[in-house]
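Peer 1: Using the sequences and the hints, build the whole thing.
If you want the building blocks of each chain, they are given just below.
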Amino acid sequence: MSIISLQDIHKYYGDYHALRGINCEIGEGEFFSLLGPSGCGKTTLLRVIGGFEDVSSGAVILGGQNMAGVPANKRPTNMVFQSYAIFPHLSVAQNVGYGLRKARLSKAEQDAKVTEALEMVGLSGYGARAAHALSGGQRQRVALARALILKPKVLLLDEPLSALDKKMREQMQTELRRLQRQVGITFILVTHDQEEALIMSDRIAVMFEGEIAQVAAPQELYRRPVNRRVGEFIGVMNFLDARHIEGADGKVRFDIHGLGKAVIEPANLPQGARAYAPVVGLRPEALSLIYEGDAPPGKRMAEGDVADLSYYGDMTYYEVLLDGMTDPVTISMKNLASRPVLERGARTRVTWDEGSLVVFGA
Amino acid sequence: MTGGWLRIYAITYLVFLYLPVILLPMFAFNDGTVIAFPLQGFTTEWFVQLAGIEALHGALLNSVIIALTTASLSVVLGICAARASTRFTFPFKAPIMGAIMVPLVLPEIIVAVSLLVVVVQVLNLPLSAWTVIAGHTLICTPFAIAILSSAFQGLDQSLEEAAIDLGETRWEAFKNIILPLVAPGIVASFLICFTISLDEFIIAFFLTGAEPTLPVYIWGQLRFPTKIPAVMALGTLMLVASLIILSVAEFYRRRGVARVGGKDSGGFL
Numbered sequence: 001m002s003i004i005s006l007q008d009i010h011k012y013y014g015d016y017h018a019l020r021g022i023n024c025e026i027g028e029g030e031f032f033s034l035l036g037p038s039g040c041g042k043t044t045l046l047r048v049i050g051g052f053e054d055v056s057s058g059a060v061i062l063g064g065q066n067m068a069g070v071p072a073n074k075r076p077t078n079m080v081f082q083s084y085a086i087f088p089h090l091s092v093a094q095n096v097g098y099g100l101r102k103a104r105l106s107k108a109e110q111d112a113k114v115t116e117a118l119e120m121v122g123l124s125g126y127g128a129r130a131a132h133a134l135s136g137g138q139r140q141r142v143a144l145a146r147a148l149i150l151k152p153k154v155l156l157l158d159e160p161l162s163a164l165d166k167k168m169r170e171q172m173q174t175e176l177r178r179l180q181r182q183v184g185i186t187f188i189l190v191t192h193d194q195e196e197a198l199i200m201s202d203r204i205a206v207m208f209e210g211e212i213a214q215v216a217a218p219q220e221l222y223r224r225p226v227n228r229r230v231g232e233f234i235g236v237m238n239f240l241d242a243r244h245i246e247g248a249d250g251k252v253r254f255d256i257h258g259l260g261k262a263v264i265e266p267a268n269l270p271q272g273a274r275a276y277a278p279v280v281g282l283r284p285e286a287l288s289l290i291y292e293g294d295a296p297p298g299k300r301m302a303e304g305d306v307a308d309l310s311y312y313g314d315m316t317y318y319e320v321l322l323d324g325m326t327d328p329v330t331i332s333m334k335n336l337a338s339r340p341v342l343e344r345g346a347r348t349r350v351t352w353d354e355g356s357l358v359v360f361g362a
Numbered sequence: 001m002t003g004g005w006l007r008i009y010a011i012t013y014l015v016f017l018y019l020p021v022i023l024l025p026m027f028a029f030n031d032g033t034v035i036a037f038p039l040q041g042f043t044t045e046w047f048v049q050l051a052g053i054e055a056l057h058g059a060l061l062n063s064v065i066i067a068l069t070t071a072s073l074s075v076v077l078g079i080c081a082a083r084a085s086t087r088f089t090f091p092f093k094a095p096i097m098g099a100i101m102v103p104l105v106l107p108e109i110i111v112a113v114s115l116l117v118v119v120v121q122v123l124n125l126p127l128s129a130w131t132v133i134a135g136h137t138l139i140c141t142p143f144a145i146a147i148l149s150s151a152f153q154g155l156d157q158s159l160e161e162a163a164i165d166l167g168e169t170r171w172e173a174f175k176n177i178i179l180p181l182v183a184p185g186i187v188a189s190f191l192i193c194f195t196i197s198l199d200e201f202i203i204a205f206f207l208t209g210a211e212p213t214l215p216v217y218i219w220g221q222l223r224f225p226t227k228i229p230a231v232m233a234l235g236t237l238m239l240v241a242s243l244i245i246l247s248v249a250e251f252y253r254r255r256g257v258a259r260v261g262g263k264d265s266g267g268f269l
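Top to bottom, those sequences are chains U and V.
Residues 1 to 362 (my numbering) are what the first sequence spells out, left to right.
Residues 1 to 269 (my numbering) are what the second sequence spells out, left to right.
Since the hints were made in silico from the structure, they are not lab data.
Each residue gets a CB set at the ideal place from its N, CA and C atoms; glycine is no exception.
Possibly wrong hints are sitting among the right ones.
Unchecked claim - Taking beta-carbon pairs under 7 Å as the criterion, some of the chain V residues facing chain U (in silico):
1) 156
2) 164
3) 167
Claimed, not checked - Derived pair list, reagent style DMTMM-like, types lysine to aspartate or glutamate, alpha-carbon separation capped at 25 Å:
4) U/151 <-> V/161
5) V/93 <-> U/15
6) V/175 <-> U/111
7) U/151 <-> V/172
8) U/113 <-> V/250
9) U/74 <-> V/160
10) U/74 <-> V/172
11) U/102 <-> V/250
12) U/334 <-> U/193
13) U/261 <-> U/327
14) U/107 <-> V/172
15) U/102 <-> U/165
16) U/102 <-> V/161
17) U/151 <-> V/250
18) U/113 <-> V/172
19) U/153 <-> V/172
20) U/113 <-> V/160
21) U/74 <-> V/161
22) V/175 <-> V/160
23) V/93 <-> U/193
24) V/175 <-> V/250
25) U/153 <-> V/161
26) V/93 <-> U/54
27) U/261 <-> U/193
28) V/175 <-> U/53
29) U/167 <-> U/202
30) U/153 <-> V/160
31) U/102 <-> V/172
32) U/74 <-> V/199
33) U/74 <-> V/250
34) U/334 <-> U/354
What the hints assert, rightly or not - Reference listing, derived: stretches of chain U covered by chain V, where coverage requires no fewer than 3 residues with Cβ under 8 Å from a Cβ of chain V:
35) 68-81
36) 95-108
Peer 2: Below, the structure is given as structure tokens:
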């Protein structure tokens, strides 16, 4: 059952068309991400859901109720702000319990709830501390506890991890995910970090220029981006010119520049497309270098020179210029003891996985 | 050596700045009616004399009432303007804000004369403490706005939204979150406005009614040489009072900064 239904939402700032017809259903208990580059409207959409921005047209249905005219303080949503917005003049406990002021609870009940909320985010015993004396990660946790204490139907998170350093961010990603499963509340996360979205979300909406380009689960999104732009934004993708060949047997074939001919399985074709774009996508891990002693790959083989490489420890990313091509392709290889890292300029053979080709509709 | 010259310069500068201020208490306790060296001896007679001048007490009370009212009005107007200018955008914002800030640089004599014309000729009102308050509020409000704007500017907008998100109305969020956080700015602007109004002379001179403010009264007394030592004693008391007020204000300001964990970036002292 969907808890949020966004129906043809438009938002104008003067002449600027920030949201251009957003339609989306978000399920109860779902971890949903709004992913896109800066300026794509993802934060605006989050603020529309939270009631901090009006819509120019369209409707936000929350738990079956139209939210038109309902201000932020009356909506069953709570928000974790990008800056955390911790009240600096209050203690940690006062911050966390701020939303309970209107709840008509006894002092003891309030204290119990605050203690419980602090425990939930791993800050037991921090209640009496001054909020301004906390570290970034701790502020983040206080903001979470403060928003979750009111048991909202939907928790809105506006790039909550962007201010943390890498290690802390990775830790918080797992923790947020665990917390979401524990409380069972719908989380809507705004992020520009595709990796973060893939790690944390049940489903992701990719947005460009005020429109949703694709809504899908992480694996589906990575495996079958609907267009070149989404494919480019999520992870790394090689784009190769390709010509569609009509086969007599009804199978779809492509002649791929630099790689050769390939048959595309019906399951890998874009649904409902009448024609195909003259380009196919291939992830770096769908291409491999062939080392001495590897089994001969058969017909799917090309040759080229290593133009550049980036060594990441566990992986090496090669830029290989295949014979007859003008742009190099990116190939990722796991670093094993039996696979020496190639030098720049080395000659190499490359094989590729036909089943991993991504075909786009035109 | 450069350091030596700079040190001499710094000392000369401080002497020049504070010598007249030090002369004030010296002559206030000097046993003689003529303001000249050598000093005659120690006396507290002038302070005793001060206590007996009823016109002076009236002028002081006038000034304090005018300064308190002016400071209150200026701070309230300043809060409104500073919040509007930092939080909202509206048509003709820049020219409007410019127009509000102009009295900061207008010659006071021009403000005073034009106000006098407006009050007496156009509005046909009698001159009173209220006309002085109006004039002082006009020149104090820009100071309040300047101080409060920086206080409001430093605030994260999300703080207010967070409070609203947690169930408060706009007004409650402003009262419970924004006001406490800009309180140091409010105290600072109140004190600045209070001191500006307290020693302002030109506008008060033009707009005051039958009951003069303290600066106007003092100016009147300077015509009588025998009253000068008493004026010196009065000045000494005011000096001590302003030092105390300033110290108290600074104490609260520093405590406020420390409480929210901010970095101390200046202040009065």
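Peer 1: Each hint should be assessed against the structure and marked as holding or not.
Peer 2: Checked hints:
1. Of the supplied interface hints, the one on residue 156 of chain V holds, with its beta-carbon coming within about 5 Å of a beta-carbon of chain U, less than 7 Å.
2. Hint status for residue 164 of chain V relative to chain U: holds, with the closest Cβ pair at about 5 Å, below 7 Å.
3. For residue 167 of chain V, the shortest C-beta to C-beta distance to chain U is roughly 5 Å, which falls under 7 Å, so the interface hint holds.
4. The straight-line distance between the Cα atoms of residue 151 of chain U and residue 161 of chain V is roughly 18 Å, inside the 25 Å bound, and the hint therefore holds.
5. Restraint check for residue 93 of chain V and residue 15 of chain U: the C-alpha separation of about 20 Å stays at or below 25 Å, so the hint holds.
6. With a C-alpha separation of about 24 Å, the suggested pairing of residue 175 of chain V with residue 111 of chain U holds against the 25 Å cut-off.
7. Between residue 151 of chain U and residue 172 of chain V, the direct Cα distance comes to roughly 22 Å. Compliance with the 25 Å bound is thereby established for this hinted pair.
8. About 39 Å separates the Cα atoms of residue 113 of chain U and residue 250 of chain V, which puts this hinted pair outside 25 Å; it is violated.
9. Using a Cα cut-off of 25 Å, the hinted pair residue 74 of chain U and residue 160 of chain V holds, with the two alpha carbons roughly 15 Å apart.
10. The straight-line distance between the Cα atoms of residue 74 of chain U and residue 172 of chain V is roughly 14 Å, inside the 25 Å bound, and the hint therefore holds.
11. Of the supplied pair hints, the one linking residue 102 of chain U and residue 250 of chain V is violated, its CA atoms being roughly 36 Å apart against a limit of 25 Å.
12. Taking the CA atoms of residue 334 of chain U and residue 193 of chain U, the gap is near 23 Å; set against the 25 Å cutoff, the hint holds.
13. A C-alpha spacing of about 19 Å is found between residue 261 of chain U and residue 327 of chain U, which places the hinted pair at or below 25 Å, so the restraint holds.
14. The straight-line distance between the Cα atoms of residue 107 of chain U and residue 172 of chain V is roughly 21 Å, inside the 25 Å bound, and the hint therefore holds.
15. Taking the CA atoms of residue 102 of chain U and residue 165 of chain U, the gap is near 36 Å; set against the 25 Å cutoff, the hint is violated.
16. With a CA separation close to 17 Å, the supplied pair residue 102 of chain U and residue 161 of chain V stays within the 25 Å bound.
17. Between residue 151 of chain U and residue 250 of chain V, the direct Cα distance comes to roughly 43 Å. Violation of the 25 Å bound is thereby established for this hinted pair.
18. Straight-line distance between C-alpha atoms of residue 113 of chain U and residue 172 of chain V comes to about 23 Å, which keeps the hinted pair within the 25 Å bound.
19. For the given pair, residue 153 of chain U sits about 24 Å from residue 172 of chain V by alpha-carbon distance, which is consistent with the 25 Å threshold.
20. At most 25 Å may separate the alpha-carbon atoms for a hinted pair to count; residue 113 of chain U and residue 160 of chain V meet this at roughly 23 Å.
21. Only pairs whose Cα atoms come within 25 Å are accepted, and residue 74 of chain U paired with residue 161 of chain V is accepted, the gap being roughly 13 Å.
22. In summary, the hint linking residue 175 of chain V to residue 160 of chain V is supported, as the alpha carbons are separated by about 10 Å, within the 25 Å threshold.
23. Distance hint between residue 93 of chain V and residue 193 of chain U is unfulfilled; the C-alpha atoms sit about 37 Å from each other, more than 25 Å.
24. Between residue 175 of chain V and residue 250 of chain V the alpha-carbon distance is near 23 Å, which keeps this suggested pair within the 25 Å criterion.
25. Between residue 153 of chain U and residue 161 of chain V the CA atoms are separated by roughly 18 Å; this keeps the pair inside 25 Å, and the hint holds.
26. A threshold of 25 Å between alpha carbons decides the hint, and for residue 93 of chain V with residue 54 of chain U the separation of about 23 Å falls inside it, so the pair holds.
27. Our distance criterion of 25 Å between C-alpha atoms is broken by residue 261 of chain U and residue 193 of chain U, whose separation comes to about 35 Å.
28. Restraint check for residue 175 of chain V and residue 53 of chain U: satisfied, since their Cα atoms lie roughly 22 Å apart, inside the 25 Å limit.
29. Annotation: proposed proximity of residue 167 of chain U to residue 202 of chain U holds, straight-line Cα distance about 23 Å (limit 25 Å).
30. Proposed proximity of residue 153 of chain U and residue 160 of chain V is supported: the alpha carbons are some 22 Å apart, at most 25 Å.
31. Between residue 102 of chain U and residue 172 of chain V the alpha-carbon distance is near 11 Å, which keeps this suggested pair within the 25 Å criterion.
32. Distance restraint check for residue 74 of chain U and residue 199 of chain V: the Cα-Cα separation of roughly 50 Å exceeds the 25 Å cut-off, and the hinted pair is therefore not satisfied.
33. Between residue 74 of chain U and residue 250 of chain V, the direct Cα distance comes to roughly 41 Å. Violation of the 25 Å bound is thereby established for this hinted pair.
34. Taking the CA atoms of residue 334 of chain U and residue 354 of chain U, the gap is near 20 Å; set against the 25 Å cutoff, the hint holds.
35. For a cut-off of 8 Å, the count of residues in the stretch 68-81 of chain U with a CB near a CB of chain V stands at 7, and the three-residue condition holds.
36. Check result for the stretch 95-108 of chain U against chain V: holds, 4 residues qualifying (beta carbon to beta carbon below 8 Å, three or more required).
Checked against the numbered hints given earlier, the structure breaks hints 8, 11, 15, 17, 23, 27, 32 and 33 and satisfies all the rest.
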